Amino acid sequence: PSRARAVVCERSSMLRLLLVCLAALAGASASADYAFVSGAGLVARRAQTSTVAGVAMGGPNNKKKGAKVRSAVSKRFKVTAGGKILRRRANKQHLLFNKKHKNKKHAGKIAQVSPAMIKTYHQILQC
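As numbered in the numbering used here, residues 451 to 577 make up the sequence shown, in order.
It is worth saying that the hints were derived from the structure and are not from the lab.
The structure presented is a predicted model; accordingly, all values stated were derived computationally and were not measured.
No residue lacks a Cβ here, since even glycine has one placed at the ideal position from N, Cα and C.
Check each hint, because a few of them may be wrong.
The following label-pair restraints were derived from C-beta to C-beta distances [to be verified]:
| id | residue 1 | residue 2 | range |
| --- | --- | --- | --- |
| 1 | Ser521 | Val470 | 56 to 62 angstroms |
| 2 | Ser521 | Leu465 | 46 to 52 angstroms |
| 3 | Lys554 | Lys528 | 49 to 55 angstroms |
| 4 | Lys542 | Thr570 | 20 to 26 angstroms |
| 5 | Val529 | Ala557 | 18 to 24 angstroms |
| 6 | Val519 | Ser463 | 51 to 57 angstroms |
| 7 | Thr570 | Asn541 | 18 to 24 angstroms |
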């Protein structure tokens, strides 16, 4: 049993040395970017901050983010370059067989949100 342990320790130390050399060749310092975990070998350390699409996330200096845009609203409305908000008209989803052609044609068009509701939707959409 003791001889088998010695062989395993020798193999693991050789493996560690090989992994450190590979990490050095890859351009990463083994002490900073990698850590040894027993049974798992060389494992990449978790960074303090991670970047997603060029924006730093996490870390101690993370500022409070604003409210999220309501995804249901963002799917149903479109803001134009001039600040107008467009929506779809109602009555074009189901039970179309008993509606007149003229009503279905007008219901298929895009409409603007009424001026009374523009301020509310700008707040929800965070325009």
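May I ask which of the numbered hints given earlier this structure violates, with the numbers listed in increasing order?
1, 3
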